[in-house]
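Number of protein chains: 2
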Amino acid sequence: MSMIANRRDLDFLLYEVLGIDRLFAEQRYAAYDRESLEEMFNSAQTLAEEVFYPFATKLDANEPKFEAGKAIGIPEVKEALQALADAGLFGASFDEDAGGLQMPYVAQIAMNGMLSTANHSVYGYAMLTIAAANMLNTFGDQQQKDKFMPAMLEGRWFGTMCLSETQAGSSLSDIRTRAELRDDGAYNIVGSKMWISGGDQEISDNIVHMVLAKIPGGPPGVKGISLFIVPKYRVKDDGSVGDKNNVVLAGLNHKMGQRGLTNALLNFGDGGDSIGYLVGEPHDGLRYMFHMMNEARILVGHGATVLGLAAYLFSLDYARERLQGRHPLNKDPTSPQVPIIEHADVKRLLMAQKVYVEGSLSLVLYCGLLVDRLRTEQDADERTRLDLLLEILTPIVKSWPSEYCLEANKHAIQILGGYGYTRDYPVERHYRDNRLNQIHEGAHGIHGIDLLGRKVRMAGGRALDILIAEIDATISEAQDGGFATEAADLADAVALLRSTTADVLACDDTTLSLANATIYLDACGHIVVAWLWLQQALAAKRAVSGVAADAAFYNGKKTAMQFFMRYELPKVAAPLKLVGTLDDLTLNADAADFIGT
Amino acid sequence: MSMIANRRDLDFLLYEVLGIDRLFAEQRYAAYDRESLEEMFNSAQTLAEEVFYPFATKLDANEPKFEAGKAIGIPEVKEALQALADAGLFGASFDEDAGGLQMPYVAQIAMNGMLSTANHSVYGYAMLTIAAANMLNTFGDQQQKDKFMPAMLEGRWFGTMCLSETQAGSSLSDIRTRAELRDDGAYNIVGSKMWISGGDQEISDNIVHMVLAKIPGGPPGVKGISLFIVPKYRVKDDGSVGDKNNVVLAGLNHKMGQRGLTNALLNFGDGGDSIGYLVGEPHDGLRYMFHMMNEARILVGHGATVLGLAAYLFSLDYARERLQGRHPLNKDPTSPQVPIIEHADVKRLLMAQKVYVEGSLSLVLYCGLLVDRLRTEQDADERTRLDLLLEILTPIVKSWPSEYCLEANKHAIQILGGYGYTRDYPVERHYRDNRLNQIHEGAHGIHGIDLLGRKVRMAGGRALDILIAEIDATISEAQDGGFATEAADLADAVALLRSTTADVLACDDTTLSLANATIYLDACGHIVVAWLWLQQALAAKRAVSGVAADAAFYNGKKTAMQFFMRYELPKVAAPLKLVGTLDDLTLNADAADFIGT
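Residue numbers (our numbering), protein chains in the order written: chain A, 29 to 625; chain B, 29 to 625.
Please note that the accuracy of each hint is not assured.
You can't tell identical chains apart in this list, so a pair holds if it fits in one copy or across any two.
In silico DSSO-like pairs for lysine-lysine, Cα to Cα no more than 27 angstroms straight-line [stated by the list, open to error]:
1) Lys359 to Lys264
2) Lys93 to Lys173
3) Lys106 to Lys586
4) Lys359 to Lys251
5) Lys86 to Lys586
6) Lys272 to Lys106
7) Lys359 to Lys93
8) Lys599 to Lys86
9) Lys98 to Lys599
10) Lys175 to Lys605
11) Lys86 to Lys264
12) Lys605 to Lys173
It is worth saying that the hints were derived from the structure and are not from the lab.
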């Protein structure tokens, strides 16, 4: 079995559950069909397995070093990214007009997921480049696009997002980097940026930093933040790389995981001008960033998911091969040992991984398809509906996989036992890598506040109504489709979600109403994933299967859905009830309550 | 504040909750009183803070290397352990007759916990030595004790436990190491042992391995396992170290955490005889090991707890200092940022750490006191009662802290954000270190089977009755003591535990009844810790306090108890109900159900 992809599951989710073939009827995606995507997936899988995967462990053990002001890493990284560029995959999701392949977004996520599963850190450079180019493509002017995008889509120049500063992590309103207008109409960027993934490297010919900075004299706080393009090397009129732009690598962070992807402290305007180019309007930078965030947050959730998948596949394979112990009723110590997958608790750990990982993947791809539908939908009302649905799912798609695929990684280590705790096996690396996902792109608690403080209140509560209507449709289908018990359980959970939400919204005290927002976020995620598991089970039931492997696959989907409904969904009642009580215990806890001094 | 100890909490648990001063009235511990223990604690804390703590990060970054057949580490490790030996702490818990200090066991755990919090890997060498010497003291003959124990209690020779082999981790009945009788009455030990913590090092003058092996011709399985003393270097008649005993270091495991403590693959009888000395009777080795397991499992739970404590203290201190963001109602971006401890979700993460860590510590010390009471109790019936209580708590004290203090470590990283994800701060190390505790000394799932398959059934179910009687006594006290709501909640949970247990025990199908044993273990642990939190709150309520810091301390205990009752205890209902249904879903899942092939 492949250690980096479950192609059968991708096909199932994309075509049998989500029906993405409907996209091929849209003019935007008319160049694609299932066969052409399959060929692209095959190429990507080969690249992932043959080029990306083999050095993932080596890369983790040899993180880039800060030497003479440069970030020096092992050569395999550049070779792998060159191969990715050669395959044309940097620009896959961009419009043809922009030099891309105009691939359906949901398919591009699924395809690139194989690369990201195989070697998470290396793929990170590409992901960041795509994100930066995407922002440029959306908000840059034609001249900016012409100057920077082609080299990025060809994978010759990479991109970064420069938001955080040492004193401003979750609180962007407090950034201090400033942008001073130059005589030539550009800006000099002065300040330091922290936690910049891919912030420096010696891989690409140039780096295009997308930088948040404040133009002096602007409004305070988030309303005074502007967005700039700041290249590592200045770009000549002919498009070639010129002098350095005084973006100085001040140090590399030494992380627990994701070690192959540099993470840098950058000084702008250090020893000379760092020239930056304003994107869009002054003081409007945070709005541009937020506009891109839905996609960025899908990608973080997807990153967590593929790390979960990598460990799930590895531990499943291990559990099938590793002989240890005997069945409970077999007291004969001379009888052969059994594969550990025959032990009930190992099966439970594998089934939990399956529901977390495949549940996360279904959520990520569902959101990915919403992006495509927003790109193709002509009807304004339907666009509004889809937009609200994506808005309310965004904090969930970012956070739920980050929590539960980390839990899946914990289980994978457990299945390998002592071996799993060593660096000779990849599962401890997946666990270390995955711990980041609750921290970046909005820390976990921020998404709770986003969901309960903003998303469930937006458009008069319509976003939540739309989500629940979607869930109710699946419940109706399941009631008649042989899953009446599970449909009823999910309906009960949704009813509790509704009443809990109403209880919270009835509270006038904003601070109190948000005190347990993270718990609400977590429970919402469980209900959403339960719904998507029911969708998967219905799709499996609809399928007519002629081969044994497919029968087992579909049966496994049904089993996993039932596992989620029996072992996971019942966990939401207690926390939702707690949220509904508007408990003020943590809110009122004093700093001295913790250890008494 | 100290980063390695919360002395106020230790005093509270030892004296105000557990009342260990009652031990001083026992002849065995008559040499001790609170003041003498305090002096010893002060010395240990100084040693922990000044010698152990400063190089913990350096040690993690410089794990021992396998060079020319030896395990070579940094010199600080030997210096720290020498200081520990100089302080006489290797033998603290041993009887005076055996050359020890005859310290109360519970106090020794609490005291050594400071060293273990400060530098977990280094303290591991001492812990293993104490465990090996303890086994020798319990089951060795006088000649063996005279030969090996003094050097171990003086910290000149270290000890190890050699159980696992590559093909036999959780299944000891399948070990292959054999012991062949020599003409001189000793045995030649031949075979390989895997996962041996402290298995080799260049720190101590000798290593005393306690090795499980099979004498050819013995019964198959666990009934044919014998225990041997196998020194690294042979010991001359005058007690000095002689020739090497052909225990060959074949390699070191490279772990995710606990990197400062070597973990070795050892070959016995490699290139010459490895002479071993039979401990006790042939074929009785596993019984001896099991006899020591209650204490070993308390120590693993304690190891998990102190790693939780280390990160809790660090993240608490950080949360009080780190400025970030503003209160939800403050929309003025020019106002100063607040310490992040003022954010409700940060308080929730800290409170969760507090209840996990201090709840675990109360459980560990409760079990530690049971060991002391078993050593001092004269009444046979009461001894039986205490023994059964310790038996049923053993799988819980090992497992619950291993699960929830790891969760606490996850929260500590979250509080530090990006910084927490870097190796510049210790919390990611604690998280890596702690992940081991669910794996060693019986993997997590094994303890579920131990609890539900053995402990709740032993003595006709009396162990569970005894535990519940203890809990009921606290509930009664709480009902009249101002915590009626919490007492009622706990009583409901206990009632559910009773009925669930009855449902499981009524099932004739052993395999089915144990299928969800890990879930039962987890829920039991929550109920036990809820009970101990109620004990803590009652003790806090009883306390008369004259100083503000103490008032805050006691108030914090009450708040933490309420947090546990509202945020944690309600989590047990759904899983216990699931266990009671004897759900066979995971048991019946087929290997092909997971990905369909």
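Exercise. Starting from the hint list further up, note which numbers the structure goes against and sort them upward.
Key: Per hint list: 1, 2, 3, 5, 7, 8, 9, 10, 11 and 12 violated.
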